[in-house]
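Keeping the supplied structure of chain B fixed, place chain W upon it in accordance with the hints.
First to last, the protein sequences are chains B and W. Numbered per UniProt numbering, the first sequence spans residues 1 to 123. Numbered per UniProt numbering, the second sequence spans residues 1 to 123.
Bear in mind the hints are in silico, worked out from the structure with no lab data behind them. Careful: at least some of the hints might be erroneous.
For identical chains, the list gives no copy identity; a pair is met inside one copy or between any two copies.
When the alpha-carbon atoms are kept at most 20 Å apart in a straight line, the in silico DMTMM-like pairs for lysine to aspartate or glutamate are as follows [unchecked claim]:
(1) K84 to E33
(2) K42 to E60
(3) K84 to E106
(4) K85 to E26
(5) K85 to E35
(6) K85 to E63
Everything numeric in this text was worked out from a predicted model, so none of it was measured.
Number of protein chains: 2
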Amino acid sequence: MSNVKALPLLDPAAQGVAPCCPPVTERPMNAEEAEHAAKMFKALGDPVRLRLFSAVASHENGEACVCDISDVGVSQPTVSHHLKKLKDAGLLTSERRGTWVYYRVEPSVLAAMGRLLATSAAS
Amino acid sequence: MSNVKALPLLDPAAQGVAPCCPPVTERPMNAEEAEHAAKMFKALGDPVRLRLFSAVASHENGEACVCDISDVGVSQPTVSHHLKKLKDAGLLTSERRGTWVYYRVEPSVLAAMGRLLATSAAS
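Isolated chain B, as found in the complex (with noise of 0.2 Å):
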């Protein structure tokens, strides 16, 4: 039914028709929007990942690759497994350059859980 696409906004004026759902205190959500963002939400819902997924989001430029970010604890396949993970759930995006594959937060889609969470004038 639904043919809208994540596609990356540049102009923070358009951020507010970010891929998905209206803030939380709006209205309920519908089963579709629900699915999407808990998918979202459960990507960031593990410890390791969610320091990753920071340590990207901070990261110089706002990408990273396994090289830039071992430093949680876990071995370098761990750290590959979880930004697959991110990616999976579209919160990253990655590019290969050489020998490193490079992730990047894609910050249409952070601005839309940012605004999925803001308290609105509503409350």
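Frame of chain B; chain W shown alone:
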């Protein structure tokens, strides 16, 4: 080491210092912060629970009892079970009034989670 307490902050101007964690784009989270925040994301990482959370958050006066939000296709005991999980994660507070327990979104927690995912000036 840390003696930071998660106090409910009612002053909107103080929401910036609410319970947990800097924006993910600001710096990598440490283990303690990630443990705390992942617990909340995990609670929202289930579609039914997320729908119930948004049902409470968007209900009149920002609060609802089980009797108000039973239209997500699961039984009332299941609704109660999910609301308890959201409460355990610190996302909802509850108060018994007569027959019903009323749930309410903790605004400072919601604000802190939204802030955590906000795309700061850094990106």
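*asked:* Hints numbered earlier in the text: which of these fail when held up against the supplied structure?
replied: Structure breaks hints 1, 2, 4.
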